[in-house]
Structure formats: structure tokens, C-alpha cells
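From first to last, the protein sequence lines stand for chains A and B. Residue 237 is where the first sequence starts when you use my numbering, and the numbers rise one by one after that. Residue 237 is where the second sequence starts when you use my numbering, and the numbers rise one by one after that.
Wrong hints could be hidden among the right ones.
Treat identical chains as interchangeable: a pair holds within one or across any two.
[As the list claims (entries may be wrong)] Here are the simulated DSS-like pairs of lysine-lysine, each with C-alpha atoms no more than 25 Å apart in a straight line: (1) LYS378 <-> LYS348; (2) LYS363 <-> LYS378; (3) LYS363 <-> LYS385.
No wet-lab data here; the hints were simulated from the structure. From a predicted model like this one, the values you see are computed outputs, not experimental measurements.
Here is what each chain is made of, one letter per residue.
Number of protein chains: 2
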Amino acid sequence: MSAISIRRAREADVAAIVATLADDALGQAREDAGLPLSRAYLDAFAAIDGDPNQFLAVMTDGDDIVGTLQITFIAGLSLRGARRGLIEAVRVAAGRRGEGLGQRLFEWAIDKCRERGCRVVQLTTNKSRTDAHRFYERLGFKASHIGYKLELQAGAQPFIAAL
Amino acid sequence: MSAISIRRAREADVAAIVATLADDALGQAREDAGLPLSRAYLDAFAAIDGDPNQFLAVMTDGDDIVGTLQITFIAGLSLRGARRGLIEAVRVAAGRRGEGLGQRLFEWAIDKCRERGCRVVQLTTNKSRTDAHRFYERLGFKASHIGYKLELQAGAQPFIAAL
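So here's chain A without its partners, still in its complex pose (with noise of 0.2 Å):
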């Protein structure tokens, strides 16, 4: 019987969530997975714990990590003082895609945003990513917006100034 819940992550997860950020088309070429885990990713786990407008979540199946993401909470003037839920870093387990995890996760997500008094709910998704393009547009989102990035060169400039 499966046991699948939903809670903020702890430290103690980390490792797992990017092992699951690694096992990725994308994802494998920008993340370093490997044990001892680096540094970083246990400084932005700390981050991120600290920021009461973070909510790292992890949907487990007994001890397995099966799915993650992470929502920001972001008040703003626009939209008559309108506060949004970002979502980020989406991923269900390589093994476990197809289940309608992604799916429960997701609500699981709308609803926290709902809670928090959220207007509206916002991700971006890499262009390459068709099948969840498909998977966001059956949950309601409307793709009315261009993502854009802008790369920053680590080391032209001071690099961990003002943490």
C-alpha cells in the first residue's frame, strides 16, 4: 500500500532532492549530485529554510523521496497588491513518472498558494520541456508570458558580497 505525503523539506533531504533535480535531460548536466554533497546546496537548503516566504516541499512514499518543488511566495503592488506563488525546481522520480504524482503534487502546491493568499500562481518552463507544457496547460495555466534568463558571470564581479 502506498503511503504518499507532502511536507516542507529538512536538511536530511537534501541530498535526495538532488539526486532527483540530477535524473533529468536538463538537469543532469547542471547539477553535481555526487556525495559528499557540495557545500552549496546545503548553504541554499539553509537559505531557503530561513525565508518564511519559501516553502520547500518533498513528496514522500514511505522513506523514498518521489517528488519535489518549491514555491515562493511574493507580495507585489501589481494587480491591485496582488501576491503570487512562484513555483520552482518541479521533479517526480524518474521511476515513479505517470502515477499522477505530478499531478497531486501540483494541487497539493495550488492549494498552499490559495492558503497563503495568493492571486495567482507563476512558473516558468524550459521550451524543450513539451511534455510539461502539456501537463501544466491540463492544470489550468495559460502560457500568456516569454521567459527570460540572464546568465551572470560567476567571478567577473565580487560573487558572495552581500549574502
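Fit chain B to the given chain A structure using the hints.
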């Protein structure tokens, strides 16, 4: 002589910022810049101003607000623990476009993201804003992503439950 500068927004700026947000093809239907200003904007300002990972910026020319944008600094595990700067609610005052103020405001914002240790600056812009697309591409942003939005129905759920 022009005395353009950029600084953190103060409560006394909120009405002028909202007027700038409203003075726009999409914004005019979405904002309510009437005075006295809707309480929702002041509440949103207080939430932004109290969040150390938010920076609501105004560009001023003497006493006039000629531009605005909001940066949210987001810690995350992805990209080996990369911090991101998310830019929202970008406007240059209608009478001051075409003077290079937007570029100056963005260069400032990108520097601010660098100072805060960001490796990525990201934003979304409505597909209909074709002038904005050219602007971001000139600044070096890549249109690599699709931006999805889901509007949540106000009233369907307890709304300000856990602000």
C-alpha cells in the same frame, strides 16, 4: 539638468508607483490608481518592505518617479544552489520612454542581483509586449522559457487566511 537616481521605494511613493503601473496597455484594466489609494496597495507595500529578500526600486528625476521595478532574491537548490533575482512590475513613466531610462534601471538591477550573489536574473513578460521583448534581448536575456500563469479565484477560498 537631469538628476536621475535609483533608490528603495518608501510608503510615500506607493501612489505614484501605482499610477505608473496603471499607465500601461495591460495595467489600466488591472490597477486602481484612484485616491485615496486602495488599502490593498499599502498592505502589499508593507509586506514587500518587510521582506529582506525584496527590493522595490524607484527611479526618480528630482521629485518625479520615472521608473520602477521589483526584485525578489530567491535561494534555490537548482543549478548547484544558485540564487536567482526575479524581476517583476517593470515600468518607465509614459512621458519618459525612449530616453534610455529603462536600460539604466535594468543595468542597476542586474548589478544589484550580482551584489546579492545571484547567478541568474529572470523575468517573464506578456507575449503581447513585443517592444519589451526586443528590450530584454538587447540586454542579453534569452527567451528560453514559457511563462505560465494560473489565476486563483478570489472568494472561492478563505483569502487572507495566512498572510
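The hints, checked one at a time:
With identical chains, the CA atoms of LYS378 and LYS348 are at most 25 Å apart within one copy only, with a shortest distance of 19 Å there and 31 Å across copies. In this homomeric assembly, LYS363 and LYS378 come within 25 Å of each other (Cα to Cα) both inside a single copy, at 14 Å, and across copies, at 11 Å. Taking the shortest alpha-carbon separations for LYS363 and LYS385, both the intra-copy value of 12 Å and the inter-copy value of 15 Å come in at or below 25 Å.
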